[in-house]
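As given, the protein sequences belong to chains A and B, one line each in that order.
Going letter by letter, the first sequence gives residues 1 to 549 in full-length UniProt numbering.
Going letter by letter, the second sequence gives residues 1 to 441 in full-length UniProt numbering.
The hints are simulated quantities; they were obtained by calculation from the structure and are not laboratory data.
No residue lacks a Cβ here, since even glycine has one placed at the ideal position from N, Cα and C.
Some clues are possibly wrong.
[To be verified] Dumping the calculated SDA-like pairs for lysine to any residue here, alpha-carbon to alpha-carbon at most 25 Å: (1) LYS324(A) x ALA310(A); (2) LYS141(B) x THR191(B); (3) LYS21(B) x SER141(A); (4) LYS119(B) x GLU107(B); (5) LYS21(B) x ARG140(A); (6) LYS21(B) x GLU521(A); (7) LYS21(B) x GLU142(A); (8) LYS279(B) x GLN294(B); (9) LYS425(A) x THR355(A); (10) LYS279(B) x THR191(B); (11) LYS21(B) x LEU537(A); (12) LYS141(B) x GLY188(B); (13) LYS425(A) x SER479(A); (14) LYS265(A) x PRO250(A); (15) LYS21(B) x ARG531(A); (16) LYS115(B) x VAL347(B); (17) LYS425(A) x GLN358(A); (18) LYS324(A) x ARG389(A); (19) LYS21(B) x ALA310(A); (20) LYS265(A) x HIS303(A); (21) LYS21(B) x ALA93(A); (22) LYS425(A) x ALA310(A); (23) LYS21(B) x ARG496(A); (24) LYS21(B) x ARG138(A); (25) LYS425(A) x ASP394(A); (26) LYS21(B) x GLY69(A); (27) LYS21(B) x GLY492(A); (28) LYS21(B) x SER51(B); (29) LYS21(B) x GLU273(A); (30) LYS21(B) x LEU491(A); (31) LYS123(B) x ALA113(B); (32) LYS141(B) x ALA113(B); (33) LYS425(A) x ALA145(A).
[Stated by the list, open to error] Example chain B residues on the side facing chain A (calculated, C-beta under 10 Å, incomplete): (34) LYS21; (35) GLU202; (36) ARG276; (37) THR280; (38) ARG282; (39) ALA348; (40) ALA355.
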Amino acid sequence: MTITQDPWETLHTTALLGTDRRPLPAAALPLADAVDRTDPAAALLELAALAAVRRRAGALPVPAAEPPGPPAPEDPRPELSAAAARRLAVLLAGRSGAVSGAGLANLAELLPQWLGTARDRGLRAPAALIPGLLDAARARSELRADAVALAGPLGRWLAEQNPDWRFVLRTATDRPAARPVGQDDADAENARNAHQLWHEGLFAERVTHLTLLRRSDPAAGLELLRSTWSTERAEDRLLFLDALQDGLSPADEPFLEAALGDRSKNVRATAAELLSTLPGSALAHRMSERALAAVRLSESGTHLLVTPPAECDAAMQRDGITPKSPTGRGERAWWFGEVVAAAPLSTWPRSTGLTPEQLLALRVGDSIDETSSSWADDLREAWARAAVRQHDADWARALLGPAPARPARGAGRARAPRATGAPAKLLAVLPPEERAAWTAAFIEVHGLGEAFQLLGACAAPWTPPLSTAVVTALARAASSGAYPWSHSGVLGMTERALAPETAAAVEELAAEAAPDSAWSETFGRLAGTLRFRAAMLAELDDRTGELDG
Amino acid sequence: MEERWSTEHVLSLAPDAASQKAAGKLSAPAPWSGAGTDGTALWGECRGSGSTPYRTVIELATPAYQCSCPSRKFPCKHALGLLLLWSGTPEAVPAAEPADWAADWIEARQARAEKAAEKAAQKRAEKPAADPEAVRRRAEKRGARVAAGAAELRLRLADRVRHGLADQSTAGPWEEVAARMVDAQAPGLATKVRELDALPQERLLEEYALLHLLATAATRVDELPPELAATVRSRVGYTQDAAEVLSGPTVRDRWLVLGSRDTSDERLTTRRVWVRGAKTGRYALLLAFGRPGQAPDLALPTGRLLEAELAFHPGARPLRAVLGTRYGAPEPGPQAPPDGLTVAEAVAGYGTAVADDPWLDSWPTVLAGVVPVRTPDGWHLTDGHHTVPVRPSAVPEAALWRLTAVSTGRPLTVFGEYGHQGFAPVTAWSADQRPVGLTHN
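Given the sequences, and given the hints that come with them, work out the whole structure.
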């Protein structure tokens, strides 16, 4: 119909074959009569020009096909201030560069802090920056939780359309975000999708789903896992079990107790570890009995006497203790450590009537030879593991010992604290303020040389006293002739975590350092980064700049 | 306080991606000392690897840059870094009196600019002194050459049609014909001819036919109405220098900057800036050029209003214009997207424009109330009644996702170029009415 009337098709066919082979068609076009047909080829071009311009000028709009999909859910959070949005653009633009460039590395290092803070403030990123944000999070998985939270419903809506951003749908946003108003409709929708997701989703999506469900409704999470447990693969069971850490309670015990009989060794071990952190569990009780059999208070009350387990029987194995020592340490010492680390720490004060400090002050001996101290370290080590696993601040504090004090003049070299195992891990169990105070005292006495992990365990930004301690130690290092790069690990952390209030002190150091020296550059850059950070954090609190730009 | 530029705008001044990256490193306060601004200029000293810091000054209105570093990039990373610092960390570039060295340069620049303006005025005044007879003879000679070239092009096109477009095996490459067009002083025809080799077969006849039409028009340009003749001349490759255009009639209006796009090849960076008159509703296209490593010297932030005289290049459908007298710096525009058309109106609008200038590939168009959708055959914009395809490869994929994000799946206003190949987006207005550029990654 229209096609047979369209002169373009006949002109096109003739042009393809050539006017030498095909006669010039009688094109039904207005003005076609005005075309000079002496040369068929030129005439064809002229007719085609008429037809082409007519087609372009007379084109009709194409009717819309199906309507576009549903729009993104509204994000009720307030948007970043204009200044903060500009800052984000700068931070994102700096992300793709080489990490070796000094100034650039700063920006990349500051992005996680910026994202975390913006998220804590309950802000939303401007829509135009969200694709860049998702691209950054795609490249750096450590940014994902915060970036995805910040991108909010718009980020998820985009991820559903762009395969490059699929990770957004699999990312659990670590901390439970404030529930936006009007989330109830979405919840109903989620419930419909949840069943399908659990049964058909990718593994990572399923873990995320389970983790989120555990946070909001632990019992439902357990029920969901139980419904498919017997059909899951061993390595999946392991990670699903791990997800139960969120919202772990005595209600989970029967399930975990059953998992102690799992076919997979790793699943059994994980179940045992989870049970050991439930102080009232039957496993904890069994471990407590084993531990009490292995350690008793001497009759004089001055010693703890150790009798390590003689064998690793089937019951112990079922409770997660591996019969073979993986460390090369003697088998009995290994079993002993495992038993004590898995026993509830409350066992000890209850059975002896002593505080953790008092217990740690006791001498440790063999049940045969009271003076043999070979078990002291094993016991301390196991208690330290238990304190970390059970998040027991009292024991962690006792194990770390008092914050080291500056030795009196002439008192000789400061003794390293008798912290056992990894002090950084024990520190992490303490409340943030206490962590910072302990680390500050440590640095005042021992300098920065061994402080890297301890500083890493402190919450960023550091408290002003801790920041002052670090700056003082850096100043001491500079005046002692050390090179800045021997502290590069601490310096990198300092740029991210030093309290902005310290900027003035750092600037002073920069001014005092020999001009053009490595330390003056180091302090200058540090001061600059602090100012940048202070400005960037201030912008996130500033709600006045919104109308700017 | 003066308006600070957006990061996006500052980065758009960078000559290349490497400069953007390098400038990012210098956008923190650390390397800078003595940075300040008096509202019309920025200055600061940037510590580099050497013992003496580099001194950087930026005059914001033009903008113009000066830096003591040896870089051949322009603007250099120091100038861009200082702009980023000023934009992102206002407290690091406080209000101050210019440092002496900065003040010296700013004064010297002003003096130079005045001198140049004087010289140009003098030149214009002297111009009529050129021998009119010689000018006429030169024009006649070129006209004859162009006409001969155009006639040859007609023959070549007809030859191909005679043999059939399906079989191009006996025909040589168009490059050779393009060279002949350059010899004939018709560089516009040469460019068009050069593009023919890369066309898919189904588009050949259309482009041959329109080129035939242009060549035919070029052989009898004197018989055409003056506006159409001007269109043909400019498409054939006759250029007109800015001063000549400015000596003609000008249009004074408050011009809203709708968007810009930079394109570059190995020889030249071209910046296109589209504006629309608030009073007249007229669209205009301003062009600026930069050598490689240099950003074009025209910086008009999207969304601003600029009161100025524009002089349009003559033609059947005038669009390209030259910026004449400015009345003040660009000021913040309205807090609302510009008025736009429905898809049907946009299609009709381009049709009307093509009726004036048959060679017009696209026309500046503001679409209102459209939603971007991704379909198996590419991106589209739809207003619920009608749909336009996004011109393939007209915009980077990242920008289309930015457009999608800004829309949140809801109708929004988009400025771009609409033509027979589809719509090429340039700027979108987000829900908070801020313009978002779509021509970069």
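>> Please list, smallest to largest, the hint numbers that this structure does not respect.
In response: 8, 10, 13, 16, 19, 20, 22, 26, 29, 32, 36, 37, 38
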